[in-house]
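Following the hints, position chain B against chain A.
2 protein chains.
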Amino acid sequence: MISNAQEKYEARARALNTMLCVGLDPDFSKIPDRFENDEYPQLAFNKWVIDETHEYALAYKPNTAFYEARGARGIEELRMTMEYVQTQHPDILTILDAKRGDIGNTNLGYCAFAFDYLKADAITLHPYLGKEALQPFLDREDKLSIILCRTSNSGSEEFQDIKSEGKPLWEKVAENVAQKWNQKNNCMLVVGATYPQEMKRIREITGDMTFLVPGVGAQGGSVAGVLTNGLNSKAAGLIINSSRGIIFAESPKEEARKLVEEIGNYIKS
Amino acid sequence: MISNAQEKYEARARALNTMLCVGLDPDFSKIPDRFENDEYPQLAFNKWVIDETHEYALAYKPNTAFYEARGARGIEELRMTMEYVQTQHPDILTILDAKRGDIGNTNLGYCAFAFDYLKADAITLHPYLGKEALQPFLDREDKLSIILCRTSNSGSEEFQDIKSEGKPLWEKVAENVAQKWNQKNNCMLVVGATYPQEMKRIREITGDMTFLVPGVGAQGGSVAGVLTNGLNSKAAGLIINSSRGIIFAESPKEEARKLVEEIGNYIKS
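Sequences listed follow chains A and B, in order. First residue of the first sequence: 1, per this note's numbering; consecutive thereafter. First residue of the second sequence: 1, per this note's numbering; consecutive thereafter.
Chain A extracted, bound-state conformation (with noise of 0.2 Å):
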């Protein structure tokens, strides 16, 4: 069993030669009446969206928020969710969307709750505090950090597109991420597939790090756009994210397929 994070993501995405992660974000008002009732609804719900979809994925990302909503229930359905896909699959990433980051010693209590108690693989965090406030989850070197760089949303443009001698304030992330932060080789950004130029533009500034990639389907980025632009020297480094698309589909299992064949006809042309 491979015990490095990274190594894990490498051999996964190898072994299948997908890049699809599926997104686990169990919305309440949205999974399907027949989980409703479920003791554990988000669990039974999710448990049914990894058995269709297992055998594409190279990874899972639960959204915290999704969980949190229902509380303390929520996180302990977060961590049976974790725990089925970690013995059931365990050689399928976990990336915890948690998009945490606060300063120095106070991140101990996210990296327990990501690392040890949900036993993830990565987790995806805020830059505004700087790298000194994030060193916490830098340190672990088994595990990955996920800096958000250039995010998906409309709007996102209000302070990331901030220039400093006409270097938008993204790019100096990208920049810092790949030249300091990731001195153990565990950095990965999240670059949204619904900004391709910039995408391109990461990928020039970070060489073969990865990028997880969230924005297809639903908010309006293309796979083609993402393949284009982001891919690295290896043909990979990507991690294309879709949550309502397939989860929410009535055959979440079609869904991935479709988008597994979208992507690997793409790079076999």
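Note that these hints are calculated values from the structure, not bench results. Do not take every clue at face value.
In silico DSS-like pairs for lysine-lysine, Cα to Cα no more than 27 Å straight-line [what the hints assert, rightly or not]:
#1 K163(A) with K119(B)
#2 K131(A) with K184(A)
#3 K180(A) with K163(B)
#4 K167(A) with K131(B)
#5 K30(A) with K200(B)
#6 K167(A) with K131(A)
#7 K167(A) with K30(B)
#8 K47(B) with K167(A)
#9 K163(A) with K258(B)
#10 K131(B) with K131(A)
#11 K30(B) with K131(A)
#12 K258(B) with K200(B)
#13 K180(A) with K167(B)
#14 K131(B) with K200(A)
#15 K163(A) with K180(A)
#16 K131(B) with K47(B)
#17 K184(A) with K30(A)
#18 K163(A) with K180(B)
#19 K119(A) with K30(B)
#20 K268(A) with K253(A)
#21 K268(A) with K119(A)
#22 K119(B) with K131(B)
#23 K131(A) with K184(B)
#24 K131(A) with K200(A)
#25 K167(A) with K200(A)
#26 K131(A) with K163(B)
#27 K119(A) with K184(A)
#28 K258(A) with K184(A)
#29 K200(A) with K163(B)
#30 K163(A) with K30(B)
#31 K131(A) with K258(B)
#32 K30(A) with K131(B)
#33 K167(A) with K180(B)
#34 K167(B) with K163(A)
Quick list of the computed label-pair ranges, beta carbon to beta carbon [what the hints assert, rightly or not]:
#35 M80(B) with E141(A): 42 to 50 Å
#36 E204(A) with N232(B): 43 to 51 Å
#37 D33(B) with K200(A): 54 to 62 Å
#38 S233(A) with M80(B): 47 to 55 Å
#39 E10(A) with D33(B): 39 to 47 Å
#40 E262(B) with K200(A): 51 to 59 Å
Yeah, the Cβ is synthetic: ideal placement off N, Cα and C, and Gly gets one too.
For chain B alone, coordinates are given in the frame of chain A:
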């Protein structure tokens, strides 16, 4: 009973003439031995701190990291802590120091966690994704959104000091929050005590907006520096936080009293 968080804040500050916020950060490695064997150790510790300090407290501010470190159990004790404050001392403001920030509808989950499940009056937020993303928080006019502006940690300059046309990022955040985000008069800013000159400038930009001020004491910020530079035109507008300096003292009551006295003496002089 006042249902609006902004009015609750103003009423408590006026009635007690206090600016003290006590950070409820029950780091498991630091809480006194006598609480460790309690069925609910973090709650038991917090209750003791609250019983000791409530007569001086404008606000209590639990940081979610210390509770999440213990998973669902910690979240349950966080909820019980909030409930204890809200039932025993309904006039005291509760600030969830969660430093959250996701895109659009995903934030509804965090709103449900902070405002509905925990019934917090306020939450701290990262600005990186912009106003449009954080709209679900800003739409809650009964609650307070406290946006990270200039954080107290060393290393905060990495991105916060990036200058565009001579204006650092923290200044742009202050401007945008004051001019564009605060349409429902429910925004505050986090401004670290460790950066008094920046605080002075942020005061100039934001008029009478209230600042949540961490960094006094253990982190090296001074009360005099904060009051000199941070008071608004009504000799108010500051929520000064102390965590470790109070909660891990032999007598939290005495430390809280001394800090309130120090603040009071300065304002009178």
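Comparing the hints with the structure gives:
1. K163(A) with K119(B): Cα-Cα ~39 Å, so violated.
2. K131(A) with K184(A): holds (13 Å)
3. K180(A) with K163(B): holds (20 Å)
4. K167(A) with K131(B): holds (22 Å)
5. K30(A) with K200(B): violated (47 Å)
6. K167(A) with K131(A): holds (19 Å)
7. K167(A) with K30(B): violated (44 Å)
8. K47(B) with K167(A): With Cα atoms ~50 Å apart, K47(B) and K167(A) exceed 27 Å; violated.
9. K163(A) with K258(B): violated (45 Å)
10. K131(B) with K131(A): Given that 27 Å is the threshold and the Cα spacing comes to 24 Å, the pair holds.
11. K30(B) with K131(A): holds (25 Å)
12. K258(B) with K200(B): holds (25 Å)
13. K180(A) with K167(B): holds (24 Å)
14. K131(B) with K200(A): holds (26 Å)
15. K163(A) with K180(A): Between K163(A) and K180(A) the Cα gap is close to 20 Å, so the pair holds against 27 Å.
16. K131(B) with K47(B): violated (36 Å)
17. K184(A) with K30(A): violated (40 Å)
18. K163(A) with K180(B): Measuring from Cα to Cα gives roughly 20 Å; hence the hint holds.
19. K119(A) with K30(B): Holds - the C-alpha atoms of K30(B) and K119(A) are around 24 Å apart, at most 27 Å.
20. K268(A) with K253(A): The given pair, whose Cα atoms are some 22 Å apart, holds under the 27 Å limit.
21. K268(A) with K119(A): violated (35 Å)
22. K119(B) with K131(B): holds (23 Å)
23. K131(A) with K184(B): violated (34 Å)
24. K131(A) with K200(A): holds (24 Å)
25. K167(A) with K200(A): holds (15 Å)
26. K131(A) with K163(B): holds (18 Å)
27. K119(A) with K184(A): holds (19 Å)
28. K258(A) with K184(A): Violated. K258(A) to K184(A) sits at ~35 Å, over the 27 Å cutoff.
29. K200(A) with K163(B): holds (24 Å)
30. K163(A) with K30(B): With a Cα-Cα distance of about 43 Å, the restraint between K163(A) and K30(B) is violated, given a limit of 27 Å.
31. K131(A) with K258(B): Since the Cα atoms of K131(A) and K258(B) sit roughly 35 Å apart, the hinted pair is violated (cutoff 27 Å).
32. K30(A) with K131(B): holds (25 Å)
33. K167(A) with K180(B): holds (24 Å)
34. K167(B) with K163(A): holds (10 Å)
35. M80(B) with E141(A): 42 to 50 Å: violated (36 Å)
36. E204(A) with N232(B): 43 to 51 Å: holds (46 Å)
37. D33(B) with K200(A): 54 to 62 Å: holds (57 Å)
38. S233(A) with M80(B): 47 to 55 Å: holds (53 Å)
39. E10(A) with D33(B): 39 to 47 Å: Distance hint for E10(A), D33(B) holds at roughly 45 Å.
40. E262(B) with K200(A): 51 to 59 Å: Given a distance of about 55 Å, which is inside 51 to 59 Å, the answer is holds.
When held up to the earlier numbered hints, the structure conflicts with 1, 5, 7, 8, 9, 16, 17, 21, 23, 28, 30, 31, 35 and fits the remainder.
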